[in-house]
Amino acid sequence: MEKLLISNSPHIRSNSTTKRIMIDVCIALLPAFLMGIVYFGPMCILIVGLAVLSAVLAEFCYKLIMKKPMRVILKEFDYTSVVTGLLLGLNLHSTVAWYLPILGSAFAIIVVKMIFGGTGKNFVNPALAGRIFLFISFSAIMANGWATTSIRNIGGVSLTTGATALGSVLKGNFDKIPSNLDLFLGTGIAGCIGETCKAALLLGGIYLLVRRVIDWKPVIYILVTGLWTVVIKGFDFNYFLPSILSGGLFLGAIFMATDYVTCPNTKIGTYIYYVLLGVITAWLRVRTGGEVVSFVIFVMNLCVPLIDRFVVPKPFGYQKPEKKKSEKGGN
Amino acid sequence: MKVKAKDLLLDGILRQNPVLKLVLGTCPTLALTTAAMNGVGMGLAVTFVLICSNVIISALRNIIPSKVRIPAYILIIATFVTILRMVLNKFLPSIATALGSYLPLIVVNCLILGRAEAFASKNPVLDSAVDGLGMGLGFMLSLTLMGAFREILGTGCIFGVELWSFKIEFFTHQAGALFTFAIFIAVFVGISNLISSMRAKKMIKEYSDKNNEVKEEIA
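Protein chains in written order, with the working numbering: chain A, 17 to 347; chain B, 52 to 270.
The shape of chain A in the complex, shown without the other chains (with noise of 0.2 Å):
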């Protein structure tokens, strides 16, 4: 026997649930995670198996400690937190050591998700603040020892320390920094496993597109981000492929910024989002010299509220109140 529902008509019924929602994130990772293995050799899957277990595991244990039985827990699974450990490895380097990725999945769902009330509640997003913990607890391990991937010696990994792609782009020494099919592709760059392949996380952003997870927005925030540097750099159109196609902005603006919980509600505060995280992405990356992606979406997701507060949407068949000088008119 099924429950009796009742709530207010019209009900459409969708299978679009939250469940089905993240298994096609999952999904739509897996080209990314796969060109990873290919580019970086099978260190990619302890580390990303680990950041996935470990998030599973930490959302296990916070329902179990709250006191929820077995049963409730299993079935309110809905693999948010996969997506979240999945996100978390993709963002990290194939040479980090084995408890970053644990201690970083712990704190994004326990701190960042599950104390401000699990899903849906998380006030950014946890995957993020998972790699920024990361980024500012080891520094030393982040952002030394990127890895380059080779395509003529796939699998094999060679460490290096000097300056990223993406640091070569914004100095503009342009006979260092790969050609943007190169870039695109991700053979020979140094970067997260995730992130390098472009291709991968198209691929990834498309499907999500054809099945509605997400629209076509983010584009903006990749088209942005690329105009306003060069812009900055005083109109030299040699920068816009260059800089969009080097380091993460491809991962956090499909995949990151596009987050249903820490994106604003309407259609004008979300090209707002969109276009302030390109500008500040632009201007921060010039400015520092250094990848800004991830800082730059963890600190537009806190002015989600802001914008949410400001962009009053207009009501379905509003209409402007007539001025006064008609309503004197008649008479």
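Note that these hints are calculated values from the structure, not bench results. Keep in mind that the hints are not guaranteed to be accurate.
Simulated crosslink set (BS3-like; lysine-lysine; CA at most 30 Å straight-line) [unchecked claim]:
1) A/K84 to B/K252
2) B/K55 to B/K256
3) A/K83 to B/K256
4) B/K55 to B/K252
5) A/K83 to B/K253
6) B/K55 to B/K72
7) A/K283 to A/K330
8) A/K35 to A/K91
9) A/K79 to B/K218
10) A/K35 to A/K283
11) B/K252 to A/K79
12) A/K249 to A/K233
13) B/K72 to B/K253
14) B/K72 to A/K79
15) B/K253 to B/K266
16) A/K84 to B/K256
17) B/K266 to B/K256
18) A/K137 to B/K72
19) B/K252 to B/K72
20) B/K253 to B/K57
21) B/K72 to A/K83
22) A/K84 to B/K253
23) B/K252 to A/K83
Residues of chain B clear of chain A, computed beta-carbon distances all greater than 10 Å [stated by the list, open to error]:
24) E213
25) K256
26) I269
Quick list of simulated restraints, FRET-style, between CB atoms [claimed, not checked]:
27) A/I284 to B/V119: 51 to 59 Å
28) B/L81 to A/I81: 22 to 30 Å
29) B/F217 to A/S195: 40 to 48 Å
30) B/E168 to A/G133: 31 to 39 Å
Built from N, CA and C at the ideal position, the CB exists for glycine as well.
Given chain A, work out where chain B should sit, using these hints.
Coordinates of chain B only, in the frame set by chain A:
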């Protein structure tokens, strides 16, 4: 109303802990808890100023006109802070440099001014001194504990002695200070709620036992 000295001490150290319960003096709490030693130094400094200013303010409580009481309190507190600074600069310069600008800022520490306003201006000299001691010790205890927590996690040391090389630098940053503060308040409130609920249960049990005895007697 006569309040026992033991109660006053316990109030300061545990029940009305200035940092975790009254949330006073948060500025030095957030800034100085990077190391356990800072907590001890700051705690002792505040305890000294608190006891002295409480005694003087309490002794002068009937003389100070209520309209100008805050400037008068500040004057008294500033006197002791100046003495303390001179003594520390002369004999313990390392602690003086570690506390930095937070030492002169004790003058406007709301913990000291708050106790002067809330307690010393209404109570006799001896009680005020005991209250100052309790509050100061409570301040020192919580600062030292928070400092130790942040020092162990952030630098892998305790009182400057290295325990291990593993460190989470997050806890040495300002964000870590706020995070640690929140955790400590949460744990403190959790424990105090647990104790009060246990006491309530005990009281209910005693009450019902007594009731049963009375019923048996009647029967």
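So, against the hints stated earlier in the document, which numbers end up violated here?
none
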